[in-house]
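Following the hints, complete the assembly by docking chain B onto the known chain A.
Chains as they are written, first to last, in the numbering used here: chain A, 420 to 889; chain B, 420 to 889.
Do not rely on the hints blindly, as some may be mistaken.
Identical copies look the same in the list; a pair holds intra-copy or inter-copy alike.
Cut-off 30 Å, straight-line C-alpha distance, at most; resulting in silico cross-link-like pairs (BS3-like, lysine-lysine) [what the hints assert, rightly or not]: (1) Lys-771 x Lys-560; (2) Lys-521 x Lys-459; (3) Lys-444 x Lys-634; (4) Lys-521 x Lys-634; (5) Lys-634 x Lys-528.
Keep in mind the hints are simulated off the structure, nothing from the lab.
Source: prediction; values computed, not measured.
Protein chains: 2
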Amino acid sequence: MSPGMSDPVLSHLLANRETFLDRLKTLVAAPSVSADPAYKDGMAETRAILSGWLREAGFDTVREIEAGGHAAVYADWLHAPGAPTFIVYGHYDVQPPDPLEKWISPPFKATIRENRIYGRGISDDKGPSLIALQTLFGFLKVEGRLPVNMRVLLEGEEEVGSATLPALCRTHADLLKADAVISADGARWRADLPCVNVGSRGNSGYDIALRTAAKDLHSGRFGGAVRNALHEMAVLVSSLHTPDGRIAVDGFYDGVAPISGEERAHLEAIPFDEAAFLEAIGGSAHGEPGFGTLDRLWNRPTLEINGMWGGYLGEGAKTVTPAEAFAKITTRLVTGQDPARVGQAVEAHLRKACPEGVTLEIVENHAGTSAYTVPPDHPLLKATEVAMGLAAGKAPLRIRIGGTLPLTDILKRELGIDTVMLSYSTTDEDFHAPNEFFRLSAIDEGQTAWVALLRDLGTQSPELYAPYRP
Amino acid sequence: MSPGMSDPVLSHLLANRETFLDRLKTLVAAPSVSADPAYKDGMAETRAILSGWLREAGFDTVREIEAGGHAAVYADWLHAPGAPTFIVYGHYDVQPPDPLEKWISPPFKATIRENRIYGRGISDDKGPSLIALQTLFGFLKVEGRLPVNMRVLLEGEEEVGSATLPALCRTHADLLKADAVISADGARWRADLPCVNVGSRGNSGYDIALRTAAKDLHSGRFGGAVRNALHEMAVLVSSLHTPDGRIAVDGFYDGVAPISGEERAHLEAIPFDEAAFLEAIGGSAHGEPGFGTLDRLWNRPTLEINGMWGGYLGEGAKTVTPAEAFAKITTRLVTGQDPARVGQAVEAHLRKACPEGVTLEIVENHAGTSAYTVPPDHPLLKATEVAMGLAAGKAPLRIRIGGTLPLTDILKRELGIDTVMLSYSTTDEDFHAPNEFFRLSAIDEGQTAWVALLRDLGTQSPELYAPYRP
Chain A
420 MSPGMSDPVL SHLLANRETF LDRLKTLVAA PSVSADPAYK DGMAETRAIL SGWLREAGFD
480 TVREIEAGGH AAVYADWLHA PGAPTFIVYG HYDVQPPDPL EKWISPPFKA TIRENRIYGR
540 GISDDKGPSL IALQTLFGFL KVEGRLPVNM RVLLEGEEEV GSATLPALCR THADLLKADA
600 VISADGARWR ADLPCVNVGS RGNSGYDIAL RTAAKDLHSG RFGGAVRNAL HEMAVLVSSL
660 HTPDGRIAVD GFYDGVAPIS GEERAHLEAI PFDEAAFLEA IGGSAHGEPG FGTLDRLWNR
720 PTLEINGMWG GYLGEGAKTV TPAEAFAKIT TRLVTGQDPA RVGQAVEAHL RKACPEGVTL
780 EIVENHAGTS AYTVPPDHPL LKATEVAMGL AAGKAPLRIR IGGTLPLTDI LKRELGIDTV
840 MLSYSTTDED FHAPNEFFRL SAIDEGQTAW VALLRDLGTQ SPELYAPYRP
Chain B
420 MSPGMSDPVL SHLLANRETF LDRLKTLVAA PSVSADPAYK DGMAETRAIL SGWLREAGFD
480 TVREIEAGGH AAVYADWLHA PGAPTFIVYG HYDVQPPDPL EKWISPPFKA TIRENRIYGR
540 GISDDKGPSL IALQTLFGFL KVEGRLPVNM RVLLEGEEEV GSATLPALCR THADLLKADA
600 VISADGARWR ADLPCVNVGS RGNSGYDIAL RTAAKDLHSG RFGGAVRNAL HEMAVLVSSL
660 HTPDGRIAVD GFYDGVAPIS GEERAHLEAI PFDEAAFLEA IGGSAHGEPG FGTLDRLWNR
720 PTLEINGMWG GYLGEGAKTV TPAEAFAKIT TRLVTGQDPA RVGQAVEAHL RKACPEGVTL
780 EIVENHAGTS AYTVPPDHPL LKATEVAMGL AAGKAPLRIR IGGTLPLTDI LKRELGIDTV
840 MLSYSTTDED FHAPNEFFRL SAIDEGQTAW VALLRDLGTQ SPELYAPYRP
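The shape of chain A in the complex, shown without the other chains:
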């Protein structure tokens, strides 16, 4: 493992693993669910913890910045004249813990079992963010300085589509001047294969409601003679895909870039065991005809129902003809798709498919995000590949991720700079599901890579970034 145990900062970090685990447990115990207003206090508590650590470590400006949504935690240390300036990005908000009854240990009590540590948000993104922070703290503690200028930005709205991040970038543009962004969010594809993510899918989301009558009706008194909102919702949702798995929304695929020969060659070079991938989740392959699983995950867009409900959901039978039905829809978008135009296409489809006598309401449930690709020759990308390779003992592959990192798209648009992901979460760690976990082995490997990266970046001239900033 290079840069080697002889690096004083890395030695310090590896010797203080218990401190890392204590801090991770403290972070998980603060329930920072951004989607649900009931967790407002947990959000504030998490910000206070992070701000405290940043101040204690010696960051100068440490403050909360916001633009009408959940505040972000901001901090800077800018005492490396002649070195480039980076934003270290992470997010402190987490997904809702539902369904609670499926958790083996409580979601907000970090619990170690067999080389893993379990808890809501521990992999997405509290563990990976803490790796970045502890590395910065290690440099300040051991050497009294950082190799580069650093601005820390810990967002509070990543799990709800980063709705106010664009406004926040505009309002606080002076605090966010930098050459590039290093993201502690983004996730490794696999733990056993070093990979650097060079792109992510975009997304958009819609809540829909159907109404077929002024009130729920007795199925014996009215059933069979009037519309049933759940039947209508089932038909409407079914209409969104063809039976063989293609999205049936007119115009949805407009602008989608074909997969280039180079990308295809890249994809084929990646060792991917589809059977093992499916077995791990107990699922079966299904998706857009004519494409393989990796294409479906990385290069093709999706439209998914994330939630659907109506009528009686309790125990036993209730003979009701429901008057209302609800669904939550999100998409994943690829290069060439504009979230606003996709939203128009989805709305047009739903309105056309909704029969007379049924009232349809559509609400966009979060701001849309475009897909993002990092420039292939970007100096931060190259430095990240080297650092990651040093930590893993072999050179990383370039891959993409199927998920969405709104910030990559937003920061490019708002600040004009690129983002490279150096995250030590792994895609199988049950983000957004019960029993989310983080590999304990990622802590040392991640800190090794971050130390190596910061030392390398400290040797770079800011001029290297001139072609990649506004």
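Frame of chain A, contents of chain B only:
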């Protein structure tokens, strides 16, 4: 209004309207939801209240009888030698109160507004049952005796398909020997038109669960490449009907009796304002092609989704690819359909429609019930028509109801006797929905009819019933 204010029992009842209302409020305040185990105490409390009143009124045997499910309240008074013996049936259980937020006044606090009294179960079936009970109590109070022999049976499982009523009939056959049953459940079609129900639809019900993976998945990491349980549920539910409203389950309509010319003539004689019917519920007509609304409600079977859910149902967005989806299905069955065979047809359809990679679980959620028709020349039916006509001032029409009264089928099968409905609830009173109500005007009209009926039955010989009992 005959039998006239000169009837001493009726005079007593009409003079004690406040007692009736007090008792109705007491009954509503006891939350007897049979579908949900959380209401176990409310069930017991309701039984205790009813038993207390029956004992106080002078019934001899007053006890709870059961066969493994919710107990029924039983009481008898058998001191009318030479007169026939009847079971007076009602049910003390009610539907769940969900959705709670739609109630204007609390569901378990009976509240009077504009000639109506609101509360869960007030129309189905606490109000109508209390009319029957108070009439019996009135006879005992004023005259010290009843005109006929009476057995009271107040069931606790009507709203969950009367699952253990057949076993209860067998276990307590000695307590349930009678010539016929007068049901206080069954509902008037309209408040302004006297009608006697001569039949009801049967039903059956199934809870289904779909599983597409071992756990919920992140839609960015897996979405688009694996099956989504909500998509599968939407497709499965859609497959149950043709786009134009016919049930698409192979064999579902097997055995359904065609509508006879006599029935057709009867239907056409009934004044029915479809536009007003639809306007009252804010709904639109939709159902089996080739049939009108009354046919769809009374003479044709239905298959309905009463509840459907899966994935994230909370506030905001959660980008999950759900691994599980659930639905609750019930049918309404007509003469000629066997609930067991319908269940087999539904199961066969679901299994055939369920694609590879999707696990389907089907659980029958309550015992099936066949449709029921009372013999057209039955002496209790004729006496009921006379009494109802006296109370309303005009002869009643014979109609059917679209709902299910499991007891009519069960009592015919288990005890060999017929049931005639004399209920003063009305079909527009939002049973099974928020803001269930009971018309205050039904109290006097109902007690008038019940007094008239009991006096008339007191003049009948038990021999009249010989052709209609085992």
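> Which of the listed hints are not met by the structure?
Replying inline: 1
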